[in-house]
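Each chain, written out:
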Amino acid sequence: MTLLSPPPTATTPTAPSAPARRRRRPGRAGWRTYLCLAVVTALSLAPLYYMLVMASRPNSDITSSPPPLLPGGALRDNVTRVFANQDVMFAQALLNTLLVATVATVSVVVLSSLAGFAFAKLRFRGRSGLLLVVVATMMVPVQLGLVPLYMLMSRIGLAGTLWSATLPFVVSAFGVFMMRQYAIAAVPDELIEAARVDGASTTRIFFQIVFPALRPAAAVLGLLTFMERWNDFLWPYLTLDADHPTVQVALSRLSGGYYADQALVMAGTLVGTVPLVVVFVLFGRQIIGGIMEGGVKA
Amino acid sequence: MSLTDLGRAPRTAAPAPPPAPPPSRSRRRPWRERSAPYAFVSPFFVVFAIFGLFPLLFTFWVSLHDWSLLGGERPFVGFANYRELAADGVFWNAMANTLGIFVLATVPQLVVATVLAQVLNTSLRAMTFWRMSVLVPTVTSVAAVGIIFSLMFARDFGLVNWLTSLVGVDAISWQDHRWSAWVAVSAMVDWRWTGYNTLILLAALQAVPRELYEAARMDGAGAWRQFWSITVPMLRPTIVFVTVVATIGGVQLFTEPLLFNAGSNDLAGGTTGQSQTVAMYLVQQAFTGQRFGYAATVAWVLFGVIALVSAVNVLLLRRIRSAE
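Protein sequence lines, in the order shown, are assigned to chains A and B. 275 is the number that our numbering gives to position 266 of the first sequence; each next residue is one higher, with no gaps. 1197 is the number that our numbering gives to position 213 of the second sequence; each next residue is one higher, with no gaps.
Same shape as in the complex, but just chain A:
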């Protein structure tokens, strides 16, 4: 069932013989390709570099003309001032974000694995209908329900707290679907059946056989979820009170006009951005794989 990847056309793929392949490598990149990619890379990195430059300059430099183009020596000073700022509570915000993102990530990974396994390997009434519901919910812009969601959080006394920013995101339709797709191929039916014959319960089968087999997909799902939660803005901005900011909310507060101090704002932005860039550099290959497969497989 593929609408996205078009069916192979009449051209039958035939493996070219080895010497032929060596003679004419298809689509080999020339210098123009690399030049183009270098320009794109520069454009990708330029705003981040600009952030670094501004975050490492004393505030008086920021308004100078021409604008400074090389990093200065005030980074440590600016970062210190960000953390010393009582209004913004940046250290607290970092901790809060870590907490919210970690809880949501662990929950999404575990619950998605459970549900994905059930949809892939267990037989029960209503399975295909329920799976259709999961897929359909991926298309629903639930963010638009934020008015009643806020009323709900107020009613149950959670508005303003970190719980209100976490609870709506402890499950993910995308996660369920992704884990189901992975479980179909990754967990052999024979293994499950053999465990059943040995008298293992379904729960035990999940924890001892299925979850270990799902680990690669679980890791990618975890990375994507963590990044999404770390960067989330709209809902935390609306629901969290002044005492419980996340990093992104703290950043918006920093830039909110009480401070004409752009070096301070840039230093805060840098501190809020670096953790994810580090994660990305460490796990870039997996993250890219997850995104590309999410778009094409399934």
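No wet-lab data here; the hints were simulated from the structure. Where hints are given, some of them may not hold.
[What the hints assert, rightly or not] Covered stretches of chain A, going by a simulated chain B footprint (3 or more residues, C-beta under 8 Å):
1) 44–53
2) 72–79
3) 94–102
4) 133–142
5) 156–162
6) 170–180
7) 219–229
[Said to hold, decoys possible] Here are some of the chain B residues that sit facing chain A, going by a computed Cβ distance under 8 Å:
8) Glu-1017
9) His-1161
10) Phe-1271
11) Ala-1283
Even for Gly, the Cβ is constructed at its ideal location relative to N, Cα and C.
Once you have looked at the hints, place chain B on chain A.
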């Protein structure tokens, strides 16, 4: 739009049934075992029902009331909120901004992403490095993007005005005009999302058999011709998918214009609302004006817009499929 939106691949509408497990002695299995599948899938449905579906549907109910946050009277007013909205100039201004920025941000983004996907679909050295450098803006948080770009677009000392001054253009006050605010906000969206779309398109491109290009080459087609005659037609379904995702995200645009106006009139999108989007108007009505009923009306109308655009896209998809 978010990273995990990417699972919204349209072709997943009817997933193929997984291989049925061998017939088991399910009739004999204890209740605990028979209920296990439901126990496994229920957390998703319970949480989604409470925090996703219920608020969305309840939005409609709220929109039929004159509903403010703190208890008190909540008279049922029928469609009065909708009638008010239809005549609300501020709302239509926000709608124009939203759609304008959406078009301005999406069209160049998809053009560049398609070309870039083609460029990346070659045997490259350091392939992962190039892909990562394309994707790094998507990893940057939307708040950070808003803050950094706002500084770059500052009137008196911003990088952009400095660059344009080199070619003799006078300093532009980007926040103050509608067109310039649209350009600046679109630039933020483009920077953040082009790489993501590039990778989605690249993934689709890699499913195109190489032999097609070889055959075209042997027939004497140049790179440009190959791009138009092979790449674009083969990518059309994916382009439609990417457009749907961009629509869902674009119609709800909020953070970039908010931070672009940080400091004064941020929710209002500037002094005369020149960059206020519908989502900003919604939040303004709900959280500054305490008019939850009216805000819910805005949300429901926005929902209608998204549903409409998605329906158009489904029709489009079907036409493309039947054309194949």
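Proximity test - 8 Å, beta-carbon atoms, the region 219–229 of chain A to chain B, at least three hits: The restraint on the region 219–229 of chain A is violated, since only 0 of its residues have a Cβ under 8 Å from chain B and three are required.
Given coverage of the region 44–53 of chain A by chain B, checked by CB-CB distance under 8 Å (3 or more): holds (count 6)
Phe-1271 (chain B) as an interface hint toward chain A, with CB separation required under 8 Å: The hint holds - Phe-1271 (chain B) has a Cβ within 8 Å of chain A, the shortest such distance being about 6 Å.
Check of the region 72–79 of chain A against chain B for coverage (Cβ-Cβ below 8 Å, three residues minimum): That given contact holds, which follows from 5 residues of the region 72–79 of chain A lying within Cβ reach (below 8 Å) of chain B.
Interface hint outcome for Glu-1017 (chain B) [beta carbon to chain A under 8 Å]: Constraint on Glu-1017 (chain B) satisfied, holds at 6 Å.
Coverage claim, chain B over the region 94–102 of chain A, checked by counting residues with Cβ within 8 Å (three needed): Three-residue rule not met by the region 94–102 of chain A, so violated; n is 0.
Cut-off 8 Å, beta-carbon criterion: hint that His-1161 (chain B) touches chain A: Hint on His-1161 (chain B): violated, closest Cβ of chain A at ~21 Å, above 8 Å.
8 Å C-beta test of the region 133–142 of chain A against chain B, three or more residues: Holds: 7 residues of the region 133–142 of chain A have a Cβ under 8 Å from chain B.
When the least beta-carbon distance from Ala-1283 (chain B) to chain A is tested against 8 Å, hint result: Ala-1283 (chain B) check passes; min Cβ-Cβ to chain A is 5 Å, inside 8 Å.
Coverage assertion for the region 170–180 of chain A with respect to chain B, Cβ distance below 8 Å, three residues required: holds (count 4)
Stated coverage of the region 156–162 of chain A by chain B [criterion: 3+ residues, CB within 8 Å]: holds (count 6)
Hints 3, 7 and 9, counting from the list given before, are not met by this structure.
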